[in-house]
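Engineer: Protein chains in written order, with the working numbering: chain B, 1 to 353; chain S, 354 to 1165.
What the hints contain is simulated information worked out from the structure, not anything from laboratory work. Possibly wrong hints are sitting among the right ones.
What the hints assert, rightly or not - Negatives, chain B to chain S, calculated, CB over 12 Å:
#1 8
#2 44
#3 50
#4 53
#5 71
#6 254
#7 332
Claimed, not checked - Per the computed footprint, the stretches of chain B lying under chain S, defined by three or more beta-carbons under 8 Å from a beta-carbon of chain S, are:
#8 229-239
#9 258-266
Think of the CB as a built atom: it goes at the ideal place given N, C-alpha and C, for glycine as much as any other residue.
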Amino acid sequence: MGIAEELSALRSKALAAVEMADSLDTLESVRIAYLGKKGSLTAVLRGLGALSAEERPVVGQLSNEVRATVEAALADKRRSLQATARASRIAAEVVDVTLPGRVRMPGKSHVIHQVVDEIVETFVGLGYQVAEGPEVELDYYNFTALNHPPDHPARALQDTFYVRDLSGERAVVEGESDVLLRTHTSPVQVHIMETQKPPIYVLAPGKVFRRDVADPSHLPQFTQIEGLVVDEGITFGDLKGTLEHFVKRMFGEDRRVRLRPHFFPFTEPSAEVDVSCGICGGEGCRSCGGEGWLEILGCGMVDPKVFGHVGIDPERYTGFAFGMGAERIAALKYGIPDLRLFIEGDTRFLHQF
Amino acid sequence: MRVSLKWLSELIDVDLNVAALCDRLDMTGTKVEAVHATGAALDGVVVGQVLVKEPHPEADKLSYCTVDVGTDEPCSIVCGASNFKAGDKIPVALIGATLPNGMTIKRVKLRGLVSVGMMCSPTELAVGGDASGLLILPGDAPVGVPFGSYYGLSDTIIELEVTPNRPDCLSMAGVAREIGAVTGRPFRTPASVPDEDGTPAADLVSVRIEDPALCLRYTARIIRGVKVGPSPEWLVQRITAAGARPINNVVDVTNYILYELGQPLHAFDLATVGMAEGKSAIIVRTAREGERLTTLDGQERVLATDTLVIADPDGPVALAGVMGGEATEVSEKTVDVLLESACFDTSTTSRTSRRLGLISEASLRFERGVDPELATRAADRAAQLLAEVSGGTVAPGIVDVYPAPPVPLVLRLRGDRLREIVGAQIADDEAATILSALGMGLVPAEDGFDVTVPTFRPDVEREIDLIEEVVRVWGMERVPSTFPGGRERVGALTIAQRRDLVVGRALRAAGLDEHIGYAFADPRDMERLGWELGPDEVPVELINPMSEEQAVMRWTLAAGLLRVVSHNQRRGVSDVHIYELGNVFVTAAGRKQPKERLMAGGVLTGAWQRPAWNESARPLDFFDGKGAVEVLFAELGLDKVTFRASEHPWLQSGRSADVIVRGDVVGWIGEVAPQVLDAYGATGPVTLFELGVKPLGKAGNVERGYAEIPRYPAVNLDIALVVEESVTAGQLMQAMASAGGKLLDDVRLFDVYRDPDDASAEQRRLPVGKKSLAFSLSYRSNERTLTDEDVRPVHEKLVVKVCRATGGEIRG
Ligand SMILES: [Zn+2]
Chain B
1 MGIAEELSAL RSKALAAVEM ADSLDTLESV RIAYLGKKGS LTAVLRGLGA
51 LSAEERPVVG QLSNEVRATV EAALADKRRS LQATARASRI AAEVVDVTLP
101 GRVRMPGKSH VIHQVVDEIV ETFVGLGYQV AEGPEVELDY YNFTALNHPP
151 DHPARALQDT FYVRDLSGER AVVEGESDVL LRTHTSPVQV HIMETQKPPI
201 YVLAPGKVFR RDVADPSHLP QFTQIEGLVV DEGITFGDLK GTLEHFVKRM
251 FGEDRRVRLR PHFFPFTEPS AEVDVSCGIC GGEGCRSCGG EGWLEILGCG
301 MVDPKVFGHV GIDPERYTGF AFGMGAERIA ALKYGIPDLR LFIEGDTRFL
351 HQF
Chain S
354 MRVSLKWLSE LIDVDLNVAA LCDRLDMTGT KVEAVHATGA ALDGVVVGQV
404 LVKEPHPEAD KLSYCTVDVG TDEPCSIVCG ASNFKAGDKI PVALIGATLP
454 NGMTIKRVKL RGLVSVGMMC SPTELAVGGD ASGLLILPGD APVGVPFGSY
504 YGLSDTIIEL EVTPNRPDCL SMAGVAREIG AVTGRPFRTP ASVPDEDGTP
554 AADLVSVRIE DPALCLRYTA RIIRGVKVGP SPEWLVQRIT AAGARPINNV
604 VDVTNYILYE LGQPLHAFDL ATVGMAEGKS AIIVRTAREG ERLTTLDGQE
654 RVLATDTLVI ADPDGPVALA GVMGGEATEV SEKTVDVLLE SACFDTSTTS
704 RTSRRLGLIS EASLRFERGV DPELATRAAD RAAQLLAEVS GGTVAPGIVD
754 VYPAPPVPLV LRLRGDRLRE IVGAQIADDE AATILSALGM GLVPAEDGFD
804 VTVPTFRPDV EREIDLIEEV VRVWGMERVP STFPGGRERV GALTIAQRRD
854 LVVGRALRAA GLDEHIGYAF ADPRDMERLG WELGPDEVPV ELINPMSEEQ
904 AVMRWTLAAG LLRVVSHNQR RGVSDVHIYE LGNVFVTAAG RKQPKERLMA
954 GGVLTGAWQR PAWNESARPL DFFDGKGAVE VLFAELGLDK VTFRASEHPW
1004 LQSGRSADVI VRGDVVGWIG EVAPQVLDAY GATGPVTLFE LGVKPLGKAG
1054 NVERGYAEIP RYPAVNLDIA LVVEESVTAG QLMQAMASAG GKLLDDVRLF
1104 DVYRDPDDAS AEQRRLPVGK KSLAFSLSYR SNERTLTDED VRPVHEKLVV
1154 KVCRATGGEI RG
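Chain B with its partners taken away, still in its complex shape (with noise of 0.2 Å):
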């Protein structure tokens, strides 16, 4: 036999052992079987230097056909077994999607701070400034700043808690102690007008306490957001129009709001801040006590005598301040039924909001 025979009878048998095999494996023993150092067609090739000169080259151009037709088909086979493999180990891959994922939940922000946070968002956004005061107040800063009379029912034992005063000092206006525990965040108001000139544009949040028996609608320790301007020609209608803007968007744009006179100490004129029920839209319902509307804040313009504590001249300039209750927001806000459920740290509760 030629080597010209030879060699076609070995891609003959290279393309059918090709076509025979049935694995990546398989496969890569044929490419070693004739391609490979000891392959039979590599030692066919390897034999052309024995051949006459005319003969070589035609030998050798075949041999190289061969080569490149085995190679060819060696290609073919492998990425139609690759392609198999792949739809096989797919196959074997399919999971069942409905199954949980691998969760590991961010902690939750404590939804009374994320009202707190909405808020001061709007206030910032507003141009205001966020300020803090010490939660052990002195009287003179929770109530005679702030033009409560010195036997003003607020300043009772039973209804503000009083703290042991160990610097030996006397009670100036009734009672143990002039400490206490904040019953609001006004004082804060008094703190940032004693150290800050005109204009003034703050908003703090923080605790404040009071002697309630904690039960669904009440708590001791709560959280407040009280809010203050002075500057030059600051309106009522300011003050009006500032807190419809915020109402309006912590509780949604279709929701109503109303202010109702009413009397604190320390502002006057005084308001009541109402927003229309979200239930009945203001028809009156059983959420809303059947009046259409929730008292959700207190504000007015600032007395002109808190002025007169801290020195700015109620002359040349007026202002507004306004307190909220956070825990009363979120609750209104999201439903909840039982204030003390923000207090007693149920993860089952606090993982809600």
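Following the hints, position chain S with the ligand against chain B.
Structural biologist: Chain S with the ligand alone, transformed into the frame defined by chain B:
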């Protein structure tokens, strides 16, 4: 303040329906808290007429009646009363009616005879009067009409929230005036001129005020020959509608005037008041040391020396403005009445009533302020009324001690100022109309008005108070909404505030939920935790805590966090990982206000999540807590933080550490000691930490700089070091860091190996008392790709140095 609309209609003609009136009151500052219809409880009670009255065949005391109730068929009723006869008109409760005492009328059989209704006594209908028989109605009563409307019981009561600055609205007359002002309607002021006869009052009683600052005015009138007994029906209805209980005609008249005019009155039995110089002598003074008085409620009270009393020459007979004394009380034996109509100081009354826990309709009005000008008008009207209802005679004249009648206040209201503050174009004449309707006197001035404030409005003291009056009546809803126009303001958080936000955000990112707990603590937490405060520090004690468990302010977040763990575990929730950001408090001798420190505390127990199909629930331990704290430090930009083993009584020995930043201890972390878990009813392991936010913030740096991303690959080499148990991972890492030179980029501990305790000698892979720690070290240059040849000498040098420094050996 309960306002009967029927009563109100005598004082003002309101042309609004109830809803519109309530709305108007709400929007002008007198909030309507509730509206109820009364008389409704008598649904099903009608006027009936007895047609036939026969004795009951089986029972002597009962009668069997046929009664016309306005229906086609008369009904049969068995009745036990005897004060009636056929033809009488009586109230009949039909089947299904519920009486005020809660009784529901049913069809019953009484000794064999069916009864389908009940004829009622005044008591059964709660209308006042004789309980012993049926209420016999006038002959012209229309049969079949509802009894409530026939008898005038139907009424609407509106309950008003009267703010503390408006004592004038604590009376029907005041409410009528207010409604007149806000609705633009005229109102009537009730007044009477008594028919007087006999000895002048001034010859019967003397009045002396010791301190005019405490008693602005005291008037006395005498009504002689009264017959104390039940009040007439109209009077009972009025005071019941106002919320009082009828007692007798004398007391009921004083209550009536209190509700009508707002003047608290007190009636003394004249015969029981001690005499001086031939007259009953009233002295208004403060109590003397040790004086006692038995008040109307039968309690003997020891009086403080700042208590204002009404006394006679023998001693106190009443607590001024708060409560009368038992000895001088009006009783059935009373013949002559001394009627007090006075004005006491607000703070004195408020102190006395609060101290003694006696809060009455009278004290409530005095502590808010009663118009001193009202005293005589109220006394006149009460005296006349009392004479009418009790058959007495009013003695001529009134004893009126009024040392210093107040001078009416005159305030300037500037029209421009009004408009500037409100931000609405309220015309001067609109303001004037409003103020006049509120009872103010107005005289035009160059820039507005001079306003004379009536004495019944003690709250109006300044121009701003007038502005308030104008805007609330003019209508807050009419004020245009605007925004402040100030130019110089920037809304932003401070760096410290942003840092506090980072603390929360980092701890949440680490998987902790936020909790807000009580700032209170139990003083026994000190013992439960085995806590010791710093030298000279003491907890902040509350003078009036709600309970023993909340008697001090917390000095650590730890106790509260442990309580949350136990709260959750008791409810079957075992996975708790929470943090709290809050103040803790301590004080010291000589300090007025305590120190408040903002702390970040956290507690972890259970697992991050419930076991899942592809993941088991790994129990949380010390290192999960430490990991959360490390996330926090990373977010705060804090490097150079060290954890140093330390002992704290509330933490388990050997599983606790102090957290040190730049040499200062800023907090602690550890697993809670078993006896502490027991004390809080919690199940462990529980990891707890607490860090001071201020020192962390000071050391940290929330602002970051850019560090170049590595451009060349690292060469990673692993080593396992065998060291004594006492050598810590921290010491090894410290040694590597200092030995590694500038090519050492990162050291990561990836394994800690110890032979099991029960390993046999053959199984042991390490010498006894040793452990093996395996590290992966990365070497990297910023200038080029390192080769083995670059790294090997550095690494070998590092190994030698670390082994020398720590007594370690390379594990084979
Ligand atoms: Zn509603």
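Engineer: What hints, given by number in increasing order, does this structure fail?
Structural biologist: Per hint list: zero violations.
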